[in-house]
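Peer 1: Here are the chains, one letter per residue:
Number of protein chains: 2
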Amino acid sequence: MRIVEIRDAVVPMGAPMRNAVIDFSRMTVSAVAVITDVVRGGRPVVGFGFNANGRYAQSALIRERLAPRVLEAPEEHASTDGTTLDARAIRSLMMRNEKPGGHGERAVAVAALDIAVWDAAAKIADMPLWATIADAAGTGAPERSVPVYAAGGYYDPDKGTEGLVAEMRRYLDQGYTQVKMKIGGATLDEDRARIEAVLALLGGDGARLAVDANGRFDAETALRYADALVPYRLAWYEEPGDPLDFSLNAAVAAAYPGAIATGENLLSLQDARNLLRFGGMRPDVDFVQFDPALAYGVGETIDIVAMMAAEGWSPRRFLPHGGNLLALAAAGGLALGGCESYPGVFQPFGGFADDTPVEDGRVSLGDAPGAGFEHKAALAALLETLL
Amino acid sequence: MRIVEIRDAVVPMGAPMRNAVIDFSRMTVSAVAVITDVVRGGRPVVGFGFNANGRYAQSALIRERLAPRVLEAPEEHASTDGTTLDARAIRSLMMRNEKPGGHGERAVAVAALDIAVWDAAAKIADMPLWATIADAAGTGAPERSVPVYAAGGYYDPDKGTEGLVAEMRRYLDQGYTQVKMKIGGATLDEDRARIEAVLALLGGDGARLAVDANGRFDAETALRYADALVPYRLAWYEEPGDPLDFSLNAAVAAAYPGAIATGENLLSLQDARNLLRFGGMRPDVDFVQFDPALAYGVGETIDIVAMMAAEGWSPRRFLPHGGNLLALAAAGGLALGGCESYPGVFQPFGGFADDTPVEDGRVSLGDAPGAGFEHKAALAALLETLL
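First to last, the protein sequences are chains A and B. Residue 54 in this note's numbering sits at position 54 of the first sequence; the count goes up by one each step and never skips. Residue 125 in this note's numbering sits at position 125 of the second sequence; the count goes up by one each step and never skips.
Which copy? The list can't say, so a pair holds if one copy fits it or any two copies do.
Below, computed lysine to any residue pairings styled on SDA-like, alpha-carbon distance capped at 25 Å:
{"id": "1", "residue 1": "Lys159", "residue 2": "Ala193"}
{"id": "2", "residue 1": "Lys159", "residue 2": "Arg96"}
{"id": "3", "residue 1": "Lys159", "residue 2": "Asn97"}
{"id": "4", "residue 1": "Lys159", "residue 2": "Gln347"}
{"id": "5", "residue 1": "Lys159", "residue 2": "Ile22"}
Source of the hints: derived by calculation from the structure; they are not laboratory data.
Start from the sequences, fold in the hints, and give me the full structure.
Peer 2: Okay, structure coming up:
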């Protein structure tokens with residue numbers, strides 16, 4: 001049993017949005033197919049993967065470094081019992097001759113390919129990916145229904161506050177109960193007005209609204225916003241400062257009684273651990289948001305949850321970034337606290353299966369083998385073009 | 001005044017060596033040329049750059065993300081007074097629409113291009129790069145002579161301890177007074193024998209020998225090696241553990257009275273600052289080794305030295321990784337404590353100008369405009385192929 005071919009494609013993710021730091025109009029994503037020598041129903045079993053938005057496609061890295069290392073060592077692809085692929089061993093092949101540290105584009109490229117390997121391994125084992133993940137982690141019962149929140153509220157000069165509220169109302173109409181909006185791309189006064197307009201829609205319930213500064217603020221601004229946010233009693237205040245400025249994060253945590261959430265731009269277990277050790281994060285208050293589809297994939301995410309336990313953190317405090325079926329499978333398999341969602345954007349990678357709509361702020365996990373990408377028609381159609 | 005074209009090439013750096021973690025036989029490097037619209041002696045002024053060894057070439061990232069952003073905004077290339085390029089402004093262009101955190105391949109790609117921009121800017125200003133760097137940093141007088149040490153002692157099954165000693169003897173014959181060898185790719189007993197053989201060559205003077213574990217050890221092994229190394233009173237013990245495991249580093253620093261050196265795999269100002277804040281590093285004992293040609297280039301290195309001062313660190317504790325003319329220019333311009341060198345390997349990028357040999361463990365800085373790459377014939381010949 002082995003992987004016989006690895007294919008990838010660069011897919012434009014052009015989205016007419018900007019947060020406080022970047023615009024997404026030229027964003028790209030890598031889609032990956034891992035073709036195995038296992039045949040089911042007359043076709044080879046194929047695993048699919050992709051990276052999450054925000055870090056661009058990684059075709060060169062996949063083709064020049066990762067895929068050759070995997071394909072050169074086919075004898076290391078199968079699990080010890082020979083029943084499926086050994087995704088951990090294949091990940092080790094990808095990382096041959098890679099130095100430690102410097103977790104950036106490599107983490108993104110490995111994630112896309114690793115996800116495809118886990119998808120293939122789960123399909124060969126005829127199991128849903130969430131169940132495979134739960135088995136591999138051994139941390140307890142998976143969740144068949146995962147809380148999701150709608151992340152949007154990007155800046156748009158034409159939209160205005162009225163458009164922002166209309167957008168959030170659409171999310172509620174779609175079945176979401178909790179929403180997130182961007183801050184930091186306008187003045188504090190403007191942001192306050194935007195927040196209050198959305199809160200009015202939510203019946204004044206701050207627990208249903210999170211805000212996201214996308215790492216834009218210096219310490220002074222982060223603390224000024226923290227002060228201004230306190231009275232709203234929001235669900236969380238996301239990425240106040242540079243994701244690696246653990247001292248800034250600790251200062252905000254010390255000053256702000258509400259929850260902080262951060263971690264989507266920490267792309268490895270080592271970086272994630274440093275956040276918990278040095279970022280002043282409170283295990284009973286704050287949230288972490290590492291992204292399996294940016295940070296080395298499924299195995300790394302399982303290891304991150306184990307690391308969190310060792311550092312005294314419940315997996316319920318982990319709300320992965322990404323808003324896709326892979327993040328949902330990880331959230332279910334590892335019994336995380338929930339999962340981000342970007343309704344209608346970052347398509348076709350964003351969102352969940354067509355047959356599992358958001359209901360009362362939750363999404364169900366399907367029974368299909370693998371990650372279930374085939375149950376999202378637009379995504380399946382795109383992935384099929386790799387074959 | 002503007003950059004009119006950016007070219008790059010992928011150069012194999014095949015070197016038949018391995019350290020404790022990777023082998024270098026398939027390593028590649030990006031060489032970059034920045035062609036300006038300034039004409040001198042009938043030819044356009046061209047700046048050259050490249051990344052240091054260990055992280056592979058970054059052609060796709062340069063061509064798809066960095067170069068287009070720079071070339072799209074020519075009106076932002078010139079300095080305010082119009083006399084040369086504004087390397088800081090051009091670096092900001094490269095980073096448009098890049099998210100914070102995740103400093104990996106991007107830092108390497110930006111470094112290669114940023115170095116070429118600084119080389120061009122110095123040539124246009126008709127100044128050596130080390131003087132340009134000293135002016136930009138404003139931190140004091142540059143050094144015209146920089147201590148260098150010979151880094152080698154890679155594992156080689158055919159070489160044995162005899163070959164290791166012969167290699168180190170060659171470095172001494174070439175004018176080096178301090179050498180570094182790898183550890184951690186063999187058993188502790190074997191490594192001890194290797195160290196003692198080299199120490200015998202050095203008259204038993206541990207201050208002339210550093211050892212490098214390349215981030216390989218877990219905490220227990222790192223501490224076991226630390227204990228074993230104490231009696232040798234070595235110059236330093238390099239990268240005992242994962243470069244981002246600041247707790248491990250702090251544990252070694254607490255247990256080991258000698259110097260620790262680390263940082264070559266921390267690819268940004270933010271990561272460097274975290275090492276100083278959380279890694280248990282002692283400003284009066286330890287060394288940092290950030291690499292300008294892996295970590296975003298010249299401007300970032302100037303910022304790192306300023307950050308070090310803010311954290312209570314002298315620039316003398318900074319011995320950059322890289323072993324090339326760019327690292328030498330940074331070491332001279334910022335009056336760092338010295339500079340690594342890899343005699344005879346990583347050619348033609350490694351090493352210094354043909355007309356400034358190593359003498360008594362030091363290398364002089366030349367007066368040529370720019371980084372002086374043109375004064376290293378083999379490197380100049382390679383870079384010229386970009387034109």
